[in-house]
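Colleague: If you read the protein sequences in the order shown, they are chains A and B.
If you're matching positions, the first sequence starts at 11 in the numbering used here and goes up one per residue.
If you're matching positions, the second sequence starts at 11 in the numbering used here and goes up one per residue.
Be aware that a few hints might be false.
Unchecked claim - Below 30 Å or equal to it, Euclidean Cα-Cα: the simulated DSSO-like pairs (lysine-lysine) are:
id	chain 1	residue 1	chain 2	residue 2
1	B	Lys303	A	Lys195
2	A	Lys212	A	Lys164
3	A	Lys199	B	Lys212
4	A	Lys212	A	Lys86
5	B	Lys195	A	Lys303
6	B	Lys71	B	Lys25
7	A	Lys212	B	Lys195
What the hints assert, rightly or not - Coverage of chain A stretches by chain B, computed from C-beta distances (three or more under 8 Å per stretch; other residues unrestricted):
id	stretch
8	187-200
9	296-306
What the hints assert, rightly or not - Computed from the model, here is a short list of chain A residues facing chain B with C-beta under 7 Å:
id	residue
10	Glu93
11	Tyr94
12	Met95
13	Gln100
14	Arg101
15	Asp222
16	Gly223
17	Ser227
18	Pro229
19	Phe272
20	Leu316
Simulated from the structure, these hints should not be mistaken for laboratory data.
Using N, Cα and C, we set each Cβ at its ideal position, and we do this for glycine too.
Given next are the chains, with one letter for each unit.
Protein chains: 2
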Amino acid sequence: MSLLVLGSIALDTVKTPIEERTDLLGGSASYAAIAASFFSPVNLVGIVGDDFSKENIEFFKSRDIDLGGLQVVPGKTFRWSGEYMWDMNQRETRSVELNVFENFTPDLPESYRSARMVLLGNIAPALQHHVLDQLIRPHFVIADTMDLWINIAKEELLSLIARVDMLILNDGEARELTGETSLIKAGRKIREMGPSAVAIKKGEHGCLLFGDGQFFSCPAYPLEDIHDPTGAGDCFAGGLAGYLSSRHISDADLAEKKEIPFEFLRQAVVEGSVIASFNVESFSMDRLREVTKADIAERYEIFRTLSRFEAI
Amino acid sequence: MSLLVLGSIALDTVKTPIEERTDLLGGSASYAAIAASFFSPVNLVGIVGDDFSKENIEFFKSRDIDLGGLQVVPGKTFRWSGEYMWDMNQRETRSVELNVFENFTPDLPESYRSARMVLLGNIAPALQHHVLDQLIRPHFVIADTMDLWINIAKEELLSLIARVDMLILNDGEARELTGETSLIKAGRKIREMGPSAVAIKKGEHGCLLFGDGQFFSCPAYPLEDIHDPTGAGDCFAGGLAGYLSSRHISDADLAEKKEIPFEFLRQAVVEGSVIASFNVESFSMDRLREVTKADIAERYEIFRTLSRFEAI
């Protein structure tokens, strides 16, 4: 089955301590869809202006990403500009131009409405609700979010969280959302808000996954140099969702308890981490253009050795 | 063989947001020795005043800790007082009284000088040098340190680092010592300073272990409540060193290359993490008084499941 991916499609300007690049393909849906495409066909829901290049369209198409849900309208594509500080850990948003995104209320193509596996990429919760409302019988809905929505759209975010099966957010956001300083308490508290699974991203420290009485600590890949962290979180979500979509989970299993075996979720978190670790090695999605399935399998095995130790 | 443990022995006053306790058994050598004693006999090197209780002495003795290197002198035992902030992550030292510690220059008992496995617990680098100078042919020397020594005794610390086989420090200290923001770069840089193994502790994010071309990311135990973080780092170092001491590594192996197999180091880091995770559940060493070998084995296995995931 195809994975439905909703989110922003953007043209980014990114400044690092070393270099500045403009008109980069970006946005949460772009990163997530490309990441997911290593594992699963994707149905993309988004909007771009008439300044969006034919090359970008072709890039999506070349990755088995269906564009039936992509609106191309007169006007300018959503633009984001950000700057990374010297240690690449801190980022400052320099400007945001919503442009064609401002009035985006997508009507899903008929064939998209029966999606079973869904990634509501990082975007306004109202838009995530709007797409979720159009789905007939989704089996597993993953939502990604960010601090902005906790700050300006908390009520809508909370009602969205109650409707999804898995929430992805980072450590600072998990603390902000729950008022808990312990990430363990925060993860468990978010599960009580609705999602059966919660992934808390910790940047250079890896990721924590919470399930029903189960817990997984995913290590971070020991990268020495990060060229552009933009989209790492979106790639993580996309890789994770794409992997889950690729697993042949019988409808009966899902209909029964709407849960995915925790072992699949563990593997999905690692696959997402692998894709994200590649992505930060270059600007935009440049690194993912050349990565192969074999590269991914190899790094997955490196992840296994990173945290492996023998019983005593 | 016995593990030689050097460090401070203190009476602590600890204030948490919930409770304040005085005259607690503390100090880097106390925590490390008790932690190590789960795995190995210990030879303790330290100093206390005549206010140090018989109960504390008996506690050490009950744990197979040899006190031939413990000086009991007239005067007051070293005292430390600290306060933890509401989230238990930040600590403020309220007072330090060196007392009998001020003029501590230990003369090791003859039988201690042939120690093979050595833990130079967190203490002034000059004192760590002084003890190391008296050892005849140590096989594996582990040093623990803290930011204070980077700030006030950097030269002595650097020359100590060049003499030891393994260095243990936390993430902030690794960054400060190397000027690298990436912990991966920091860990590799410290290895170039001398030690064949480096462990970087990351608190709630676990620990990174660096060896010769090898790397291990140890998860943190998902504790929801921490009652007293004091001594967690010392217990980690002590548990790690005690475990290594307990492994029967043939002298020939060690003489050959002075290295311990990386697999043993991985296990040692986990054992250290297990002991530390128990210790923070109560004030002082109270939790370790009741923990059994079976409890440790059980939690070791939980650590294994925390980060386990299947090949694809």
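Colleague: Determine for every hint whether it applies to the structure shown.
Modeller: Tested hints:
Taken as a hint, the Lys303 (chain B) and Lys195 (chain A) pair is honoured in the structure, with Cα atoms around 28 Å apart against an allowance of 30 Å. Straight-line distance between C-alpha atoms of Lys212 (chain A) and Lys164 (chain A) comes to about 22 Å, which keeps the hinted pair within the 30 Å bound. With a C-alpha separation of about 24 Å, the suggested pair Lys199 (chain A) and Lys212 (chain B) falls inside the 30 Å cut-off, and the hint holds. Between Lys212 (chain A) and Lys86 (chain A) the CA atoms are separated by roughly 34 Å; this puts the pair beyond 30 Å, and the hint is violated.
Distance hint between Lys195 (chain B) and Lys303 (chain A) is fulfilled; the C-alpha atoms sit about 28 Å from each other, no more than 30 Å. Distance hint between Lys71 (chain B) and Lys25 (chain B) is fulfilled; the C-alpha atoms sit about 28 Å from each other, no more than 30 Å. As the CA atoms of Lys212 (chain A) and Lys195 (chain B) are separated by approximately 19 Å, the hinted pair is consistent with the 30 Å bound. Here the stretch 187-200 of chain A counts 6 residues with a CB under 8 Å from a CB of chain B, which clears the bar of 3, and the coverage holds.
For a cut-off of 8 Å, the count of residues in the stretch 296-306 of chain A with a CB near a CB of chain B stands at 0, and the three-residue condition is violated. For the restraint placing Glu93 (chain A) at the interface with chain B, the shortest Cβ-Cβ distance is roughly 17 Å, beyond the 7 Å limit, so the hint is violated. The beta carbon of Tyr94 (chain A) comes no nearer than 12 Å to any beta carbon in chain B, farther than 7 Å, and the hint placing it at the interface is violated. Evaluation of the Met95 (chain A) hint against chain B yields a violated restraint, the C-beta minimum of about 10 Å exceeding 7 Å.
Nearest Cβ of chain B to the Cβ of Gln100 (chain A): about 10 Å, over the 7 Å cut. The hint is violated. At about 14 Å, the closest approach between the beta carbon of Arg101 (chain A) and any beta carbon in chain B exceeds 7 Å, and the interface hint on this residue is violated. Hint status for Asp222 (chain A) relative to chain B: violated, with the closest Cβ pair at about 15 Å, above 7 Å. Here the hint on Gly223 (chain A) is broken, as its CB sits about 12 Å from the closest CB of chain B, past 7 Å.
Because the closest C-beta pair between Ser227 (chain A) and chain B is about 4 Å apart, less than 7 Å, the hint holds. The closest approach between the C-beta of Pro229 (chain A) and any C-beta of chain B is roughly 4 Å, which is under the 7 Å cut-off, so the hint is satisfied. Given the 7 Å rule on beta carbons, the hint for Phe272 (chain A) is violated: about 10 Å separates it from the nearest Cβ of chain B. A least Cβ separation of about 5 Å between Leu316 (chain A) and chain B falls short of the 7 Å threshold, and the interface hint therefore holds.
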